[in-house]
Amino acid sequence: MNYRIFLNGYRFSTYDDCIKLLIYSAEQSDYIVSIKGFEKTTPFSPYKNHILLKGSSKEIYSDIIIDFDNLLINANCDKAITIAPSTLETDPLPDAVHYWKSMGAVFKIVSDLSPAYVTGYLLEKNMKKELEAFNSYLSRLPFAVQIAVNELMTDAE
Amino acid sequence: MDIRNSKEIIQNILERYNFAAIYSDSCNKFDIETSKNYVDGNDAIDFLYSSATIGSKALGFFTELPFFEVTRYVRAECLFITQSLPKYITTPVIIIKNAEDISTRLTLALKLSAEHKVPVTVVITHNASNNYTYFERANNDLGRISSYISASTFKQSISKEELKETYNAVNNSLMQAFSANLTDNITHISLQHNGYFPEYFIPEIKHDIFKMLNSNVSVYKSEKDLLENFFFNNYNIEFNFKEQEDKIYPQISNLLCPGCPFVNIFARGVEKDTIIFTDIVCKGVLEAYPELNYLTIDGYMGIISSEVRSSTLFIGQVSSYKSHYHNFISKRGRVILLNDSGIPKINGFSTIRHPKKLTQTKNTLYPYSCNNIKKYSKVKVKLHKCSCMKNNNPCSVFEKTLCPAVYKLSDGILIDNTMCNGCLACKVLCSQGAVL
Chain A
1268 MNYRIFLNGY RFSTYDDCIK LLIYSAEQSD YIVSIKGFEK TTPFSPYKNH ILLKGSSKEI
1328 YSDIIIDFDN LLINANCDKA ITIAPSTLET DPLPDAVHYW KSMGAVFKIV SDLSPAYVTG
1388 YLLEKNMKKE LEAFNSYLSR LPFAVQIAVN ELMTDAE
Chain B
-14 MDIRNSKEII QNILERYNFA AIYSDSCNKF DIETSKNYVD GNDAIDFLYS SATIGSKALG
46 FFTELPFFEV TRYVRAECLF ITQSLPKYIT TPVIIIKNAE DISTRLTLAL KLSAEHKVPV
106 TVVITHNASN NYTYFERANN DLGRISSYIS ASTFKQSISK EELKETYNAV NNSLMQAFSA
166 NLTDNITHIS LQHNGYFPEY FIPEIKHDIF KMLNSNVSVY KSEKDLLENF FFNNYNIEFN
226 FKEQEDKIYP QISNLLCPGC PFVNIFARGV EKDTIIFTDI VCKGVLEAYP ELNYLTIDGY
286 MGIISSEVRS STLFIGQVSS YKSHYHNFIS KRGRVILLND SGIPKINGFS TIRHPKKLTQ
346 TKNTLYPYSC NNIKKYSKVK VKLHKCSCMK NNNPCSVFEK TLCPAVYKLS DGILIDNTMC
406 NGCLACKVLC SQGAVL
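Here the protein sequences line up with chains A and B, keeping their order. Everything in the first sequence is counted per this note's numbering, starting at 1268 for the first residue and increasing by one. Everything in the second sequence is counted per this note's numbering, starting at -14 for the first residue and increasing by one.
Among the hints, erroneous ones may be present.
[Claimed, not checked] As a list, the in silico DSBU-like pairs of lysine-lysine whose alpha-carbon atoms are at most 35 Å apart:
| # | chain 1 | residue 1 | chain 2 | residue 2 |
| --- | --- | --- | --- | --- |
| 1 | A | Lys1346 | B | Lys227 |
| 2 | A | Lys1303 | B | Lys206 |
| 3 | A | Lys1303 | B | Lys367 |
| 4 | B | Lys191 | A | Lys1303 |
| 5 | A | Lys1375 | B | Lys209 |
| 6 | B | Lys360 | A | Lys1396 |
| 7 | A | Lys1321 | B | Lys227 |
| 8 | B | Lys360 | A | Lys1395 |
| 9 | A | Lys1287 | B | Lys363 |
| 10 | B | Lys268 | A | Lys1287 |
| 11 | B | Lys209 | A | Lys1303 |
| 12 | B | Lys206 | A | Lys1395 |
| 13 | B | Lys196 | A | Lys1303 |
| 14 | A | Lys1287 | B | Lys191 |
| 15 | A | Lys1392 | B | Lys359 |
[Stated by the list, open to error] Simulated coverage check for chain B against chain A, where a stretch passes if three residues somewhere in it have a Cβ under 8 Å from a Cβ of chain A:
| # | stretch |
| --- | --- |
| 16 | -12 to 1 |
| 17 | 108 to 119 |
| 18 | 231 to 240 |
| 19 | 261 to 272 |
| 20 | 400 to 406 |
Derived by calculation from the structure, the hints in this document are not laboratory data. Virtual Cβ for every residue (Gly too), placed ideally from N, Cα, C.
Okay, chain A solo, but in the shape it has when bound:
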């Protein structure tokens, strides 16, 4: 399977950790990873990156938008799964725990990504709340998101 993942978020420290873990996990799962960065117009503008995960030679991609902080205005994409606090039925809070909920959802959707590196990292840093958040969405997605995932996977096949 191939994925086009568009991420954005402005809590830089957590965003940075998440994206590095995602890239590393993808590479360890034998995806070819290609990353694009976008302009930031102010020091507090959201960070935006586009990651291409190529796992098969087919030119068919599933689109995933990881909107860590509910900043999405327009997906500009016919069929994309949007992972955001609003779709995950949770609230974004200053402690950025919601980032790890989104990460759990991503790892649930891209099922051949191993969550081991994320859980290992969170355990090492003693981030219990974040680990719980990650695991809760790794095990189960909200109903609406699951429907969207099922539709997308059916189309991709």
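On the provided structure of chain A, position chain B as indicated by the hints.
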């Protein structure tokens, strides 16, 4: 897991090369620790160039590089880093399109500057600036020289012929450095997106690659004018590239800085139908407030030197204000100066200590600028009054402040007091009176 972001790679270079003079404009996108000098872009070039002339390594980060002329050799490395292609190139320019090239190409730029004794410009594109790659530690500084100034240091200028010879030598060095990257067939070029782009430019020296560029080469619509003007202005080559539609990505709400002076000024300090000018180049602010017109302070003084019916306002920095402007602003026009210099008062200006004291009528010395936003007392939200989103209406606070300290929850907003500076723009803009 040795993956690093672009900022970390640049920080690594800064740690290994002892720059004595570092400047970043107010956008400071790489979060760099700078020399504490309140200078604007044009003055910053002089500041850095003079430092390098006497032997102090100098480095400047510019959102847009001001025009600059090479008139003397430098004794130490002098680098100007920008994210956009300079309109007119007057120094060698090295392009960095990918994060994995940051370390090697910045090191190359420093080496070129040291060997050929001229400033070098480096363009780090948006893709390279906001990306991730596996970490490669930069080489250590090649050497240090002590700063030195004599009576003749600033009298020695470079002749045109000498500069041309220097640039030929730079061109030879860069041709060798990038010989492996030569390409046969170019169908598309892009600076900020995927696609080939020349690795470097030298003033007045035409790259061999230019011969391969013609009207069959396509460029993205958003870059067409920029690239065609660039080649014409600098090399007198007229291209009419084929236009390709820009790629479309998800659209995200932009965010301004917490306490952004412009948010408060527009919330409290502007009368209706006022024409507003500023010399502050912040793309985020210019996008959020399209009614802003870019103009230098001198340009504004030119406008108000005559009687004009319309109400006008200029927003600028204290560091660019000169005392003789008082002759103009005492008679007409209105100026708000953002205090980037820590000055307690200016003749003819009303000093305010808190943004909430801003009025719509006076010349005002605003308590802070973009680089030194002050912190005031905490802000609270009365959740029972916070009703816009409960009624399925957009939150006016978030929509109008674009403040990252404001969190939109399912049943109201929350203010993150670690990020909030207490400017109280949200209080003015909240239609429900929910902010204390």
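key: Unsatisfied constraints (hint numbers, rising)   = Structure breaks hints 3, 5, 12, 14.
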